[in-house]
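Line by line, the protein sequences are chains A and B.
For the first sequence, position 31 matches number 31 in the numbering used here, and the numbering has no gaps at all.
Position in the second sequence (first residue = 1) + 47 = the numbering used here.
Possibly wrong hints are sitting among the right ones.
[As the list claims (entries may be wrong)] Quick list of in silico lysine to aspartate or glutamate cross-link-like pairs, DMTMM-like style, CA-CA up to 25 Å: (1) K176/B <-> E140/B; (2) K23/A <-> E295/B; (3) K23/A <-> E644/B; (4) K614/B <-> E553/B; (5) K275/B <-> E295/B; (6) K126/B <-> E254/B.
Just so you know, the hints here were simulated from the structure itself, not pulled from any lab data.
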Amino acid sequence: MGTVIVVLILAAIVAAIIGSMVKARKRGQHPICGGDCGHCGGSCGCH
Amino acid sequence: MGIRIALAGNPNCGKTTLFNALTGSNQFVGNWPGVTVEYKEGKYKGDKEVKIVDLPGIYSLSPYTLEEVVSRNYLIDEKPEAIINVIDGTNLERNLYLTTQIVELGIPVVIAINMMDVVEKNGDKINTKKLSEEIGVPVIEISALKNRGLKDIVDAAVKAAKEAKPQSPKHRFNGSVEHAFAHIEELCLHGIEDENVQRWYSIKLFERDEKIQEKLGLSSDVIDHIEKDIASCEKELDDDAESIITGERYNYIGTIINDCVKKAAKGLTISDKIDRVVTNRWLALPIFAVVMWLVYYISVTTVGTWATDWANDGVFGDGWHLFAVGSSDYTDAADEFTANQLIVDGYDLYVEENGSEPTGDFEYPVEDEETAAVDYETASLDDYAAAKAYVEANEEPDPADYGVWVPGVPVFVEAGLDAIGCNDVVKGLILDGIVAGVGAVLGFVPQILILFIFLAFLEACGYMARVAFIMDRIFRKFGLSGKSFIPMLIGTGCGIPGIMASRTIENDRDRKMTIMTTTFIPCGAKLPFIAMVAGAIFGGASWVAPSAYFLGIFAIITSGIMLKKTKMFAGDPAPFVMELPAYHWPTLGNVLRSMWERGWSFIKKAGTIILLSTIVVWFCTFFGVVDGAFTMLEEDQIDHSILATIGRCLAWIFIPLGFGDWEATVASITGLVAKENIVGTLAIIYGASGDVYETMRAAFTNASGFAFLAFNLLCAPCFAAMGAIKREMNNIKWFWRAIGYQCGFAWVIGLIIYQVGKVFTGEGFTFGTIFGIAGICVILYGLFRKDKYNK
């Protein structure tokens, strides 16, 4: 039972991460560039 | 409908600082040109109906640079309801040049004289009332950094926008020039709906601005007619049209300055005095080298290491003593126990190796934890007797007996998983995969934050602007432009905005070359990898981290010289104009905010893409085919893993570089997803065989370790940065050329470091050394061959 709960939590975390990356992509942001957006000055695709 | 207020002004006059203060945004503020490449919008904190637009910094409304085109197009085409012309009060004369053009646009203008705190501190006086009368627009004193006059300036701009009565420019040119303007207006501008902007168009047509001619769709007949008016004026005034306009504007500004500004009599400012040393022809470079060495030394080797040791060994290790209470007592007790245990073990080892007990003093091995170097110490039989008695009488010290012991994340998670009876496979995934991988990356957060504090300080105080100036002097000697160094400065945080910043380089060949070389400078994501190599392979040697930075600069300069001699990149370097801001102490808030913005994105990445990657890496590490069956592997079977199979297919590429094993190969590949992944991957793979650092130390020699570091620093960046390269190159061939060059260059440098480095690290001259020397010859040929394409 413990294993099932852990696997479900893990699956939920992974789904949430992928979901947030897909959403970011739809918003025109780069899904894996989390880096240093302040530096971009709004001039790149990650904004 | 809301009100749009545009912030326009020279580079580095404080527009973005004002924008952040007015809107509550956190846009990056930098004191070098090109930080704001496109305009940004935000809502005014005091009234959400008011939209503030931050435009790129420009010196004039001529269409010579990308920033000028972006700003000019916005003002002409989008027509904001009002403009706040931000002026650096410490340099009024130069800033007013743009003002004389902005007031001609037919849009209500309010002037914000920024940095008034500095003006007052310098003892200078600006008569704003008189200035307002002479230019014909409201003038407000502000200090964006100190939040002074901000409400007044927005109120004045909103009032001007609501009244919608553009000022009539007070400045009048020479009679014959005005006569030419009148002709031009009559000839082709009367059809323009907005009468207020006619004067601006006529001036631009007088200056032969081709973009305006195109925009107005003028026929060749009309252009010829205008040309006659201009030529006649030029003949009369004995100068070219553009110089006539510029000269008259500066004459007008001169009278304004005489009437409105009183400068305090003084000699050299403190900034000037510092610059005499810092930008000195001979001292500038050594000072820069020392500064960057100190930055990396403190953030990676000393303070950073203490903090990261706590994070790695405490938070993501066994645990730590709360507030360090009891920590030193425990360390003393543990050291004493270990010292005695080593003597006992040494005695047993002697018996095992010699088949008899020692009859007198005997030697026993002691391994240095940092460097793994094994040293031998001597113990007498009395020492052994005392040590044996101590070990038998005492148990190994328990840290919990010496203070409040906080278990580390892995201990805590393991206890939780055991308590709920979690399956071993899932437990392995969480502990050996996610916690080990993500923990290894997060463990470097303290070092990253300390590095970012230093970089933020150096940027904000004005030193980095000097570095661009210093580098321009060096770059220019090799036919490169100092403009290419700005993206590299920005790239120390993240390569992507660095690549984007190359847009400010007008010369297409220089821009492409800058895109190709920007990511050579180590970004924040590479820092954990640098720190890991320094700690694991080089025993925390202080020179490793700074050398990574200087290797990046070396790669940029070397590549620049070599590429510039090719037909593809030949040509004169683009001119580089930048103003050196006065040195000042940055506010603590700005430095911390800059540090946190960069650091937070690093942490966020660890919780998303790095976490997903560690799951994949763990699966590929602990699953594979053994005896024809796909199964979960034991720790001593990971040579049969999926990852090992993939790594072995590609490992041959790295054999000449000294790290042709599957572990280092797959780490280099996963680094393409995100550079932090190299650390996460190595932590999972090497962690399976025991202590990560010890296993890593055993897998590399000094030469192969540094070659591994150099290759991963210089090769193709992460996928996100590659995407930025593709977008900016806007050409698939150029994209592959850039990636190919980066990987090829990294491989050659790795080859040289390993093959030649072996000679100096005691591994001797081998057949491979010849290839290393050949690599040096190739680089030297590229550097010193005759330049056929440049004058």
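Each hint tested on the structure:
| no. | hint | in the structure |
| --- | --- | --- |
| 1 | K176/B <-> E140/B | holds, 17 Å |
| 2 | K23/A <-> E295/B | violated, 55 Å |
| 3 | K23/A <-> E644/B | holds, 21 Å |
| 4 | K614/B <-> E553/B | holds, 18 Å |
| 5 | K275/B <-> E295/B | holds, 21 Å |
| 6 | K126/B <-> E254/B | holds, 22 Å |
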